[in-house]
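> The listed protein sequences derive, respectively, from chains A and B.
Residue 1 is where the first sequence starts when you use full-length UniProt numbering, and the numbers rise one by one after that.
Residue 1 is where the second sequence starts when you use full-length UniProt numbering, and the numbers rise one by one after that.
If you are wondering where the hints come from, they were derived from the structure by calculation, not from laboratory data.
One should not assume that every hint holds.
Because identical chains cannot be distinguished in the list, a pair is counted as satisfied if it fits within a single copy or across any two copies.
Here are the simulated lysine-lysine pairs, DSSO-like style, with alpha carbons at most 30 Å apart [said to hold, decoys possible]:
{"#": "1", "residue 1": "Lys214", "residue 2": "Lys154"}
{"#": "2", "residue 1": "Lys176", "residue 2": "Lys214"}
{"#": "3", "residue 1": "Lys193", "residue 2": "Lys166"}
None of these values were measured; they are calculated from a predicted model.
Number of protein chains: 2
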Amino acid sequence: MPKTAYLPHIAYDSVIFGFSEGDLKILIMEYHNTGLFALPGGFVQLQENLNDAVLRGLNERTGLTDIYLEQFYTFGDFSRFDPEVMRTLLEANGILPGDGYQWMLDRFISVAYYALINYEEVTPRPDALSDSCEWYPVNELPELILDHRNIVEKAIQTLRDNLDRKLVGGNLLPKKFTMNELQNVYEAILGTKLRRTTFQRKMLAAEVLTRHEKHFSGKAHMAPYLYSFK
Amino acid sequence: MPKTAYLPHIAYDSVIFGFSEGDLKILIMEYHNTGLFALPGGFVQLQENLNDAVLRGLNERTGLTDIYLEQFYTFGDFSRFDPEVMRTLLEANGILPGDGYQWMLDRFISVAYYALINYEEVTPRPDALSDSCEWYPVNELPELILDHRNIVEKAIQTLRDNLDRKLVGGNLLPKKFTMNELQNVYEAILGTKLRRTTFQRKMLAAEVLTRHEKHFSGKAHMAPYLYSFK
Numbered sequence: 001m002p003k004t005a006y007l008p009h010i011a012y013d014s015v016i017f018g019f020s021e022g023d024l025k026i027l028i029m030e031y032h033n034t035g036l037f038a039l040p041g042g043f044v045q046l047q048e049n050l051n052d053a054v055l056r057g058l059n060e061r062t063g064l065t066d067i068y069l070e071q072f073y074t075f076g077d078f079s080r081f082d083p084e085v086m087r088t089l090l091e092a093n094g095i096l097p098g099d100g101y102q103w104m105l106d107r108f109i110s111v112a113y114y115a116l117i118n119y120e121e122v123t124p125r126p127d128a129l130s131d132s133c134e135w136y137p138v139n140e141l142p143e144l145i146l147d148h149r150n151i152v153e154k155a156i157q158t159l160r161d162n163l164d165r166k167l168v169g170g171n172l173l174p175k176k177f178t179m180n181e182l183q184n185v186y187e188a189i190l191g192t193k194l195r196r197t198t199f200q201r202k203m204l205a206a207e208v209l210t211r212h213e214k215h216f217s218g219k220a221h222m223a224p225y226l227y228s229f230k
Numbered sequence: 001m002p003k004t005a006y007l008p009h010i011a012y013d014s015v016i017f018g019f020s021e022g023d024l025k026i027l028i029m030e031y032h033n034t035g036l037f038a039l040p041g042g043f044v045q046l047q048e049n050l051n052d053a054v055l056r057g058l059n060e061r062t063g064l065t066d067i068y069l070e071q072f073y074t075f076g077d078f079s080r081f082d083p084e085v086m087r088t089l090l091e092a093n094g095i096l097p098g099d100g101y102q103w104m105l106d107r108f109i110s111v112a113y114y115a116l117i118n119y120e121e122v123t124p125r126p127d128a129l130s131d132s133c134e135w136y137p138v139n140e141l142p143e144l145i146l147d148h149r150n151i152v153e154k155a156i157q158t159l160r161d162n163l164d165r166k167l168v169g170g171n172l173l174p175k176k177f178t179m180n181e182l183q184n185v186y187e188a189i190l191g192t193k194l195r196r197t198t199f200q201r202k203m204l205a206a207e208v209l210t211r212h213e214k215h216f217s218g219k220a221h222m223a224p225y226l227y228s229f230k
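Please put together the full structure from these sequences, using the hints given.
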């Protein structure tokens, strides 16, 4: 990434949420030969919109183009300036700062986004500097570089705040889902069990769901209804 | 502002809300000899936290140190890059870009904050480049530079979204206020009239207010109760 291609001092990081096996998970990168773990992120090209840069990065990591994406906070403390971390990442890839990468050792502010994707649709892909890009349950994360742990925690808090207000939970599921599946998503995000009857009554009262035909299975009374968000 | 003192490419802008005479108002700067109007903003020193830079700027404009301040969005479209606006501002002050101000003509992303202050406590102060720093009702704003109009609109939308969720309205009032004054603030923010009985019932049901003694006035039955947020 030569200096001329990107805006200096400005980075973005993405907290990419998925839901599987009852867990809320996020994508974490492991950098080559370093044992260092980080959120997927990147830089903004000189003539690129910030939001487009983030979509470009998400597409590179997930293959998806149609993504629920929300900017939630810009992290700008001076204490997040730690050139040794970036120097370690570069050197582990045989890159010396003198090779035109000096700008990557400067202070950065990071604009943080969260994305909600349907876990089933994604095959995560590492970038040029990393060995892997994998799902981790949010309560079993490895140690992350810089302030990335704080970024994750603020993303989860924002997701909780937006759960009812913006009905974001549905973005973690296939288009049609059962009430039970939706409840599982809510429970994973909130980190707590909900009462089934209370949850169902609340979701139906909000009048945001469309109920579809039962899938015929021979035991019709057992098959749950499928729903989708209006 | 010599190049060595500030991070290039990164600015902040503040939407500073106050409430007076029934109107929601914001502070707007008018630059010397240009007829150009803008939000108060500034830059981040090389070793300064982003949030501290914003508090520093707010203190310079308002004299206040204890301010309700919330970051709400970072504006990063390439289309906001317009070096002619900054060149005009500098030249109107007799400053040539060659004087070490060339960095101010570069592309900037802007981290936007909104602040809520008690109008009574503030005497706005212009900065070195501006003639005035004055209150304007949000629906009687002059034309603003760059994307500042968009920034204001997103700030108002965020304020509306947070009105019940974060009970931010009280920050626009003195510590103690009448129910009627609080309703006026809500109406100004929402841009719509509310039913008095419905509003009062809702605020009391939320159990967020403390009711104080009536101020004795000789016509006790006429004096409204004073409230404060818990």
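> Which numbered conditions among the earlier hints are violated in the structure presented, ordered from lowest to highest?
The structure conflicts with hint 1 only, although it agrees with all the remaining ones.
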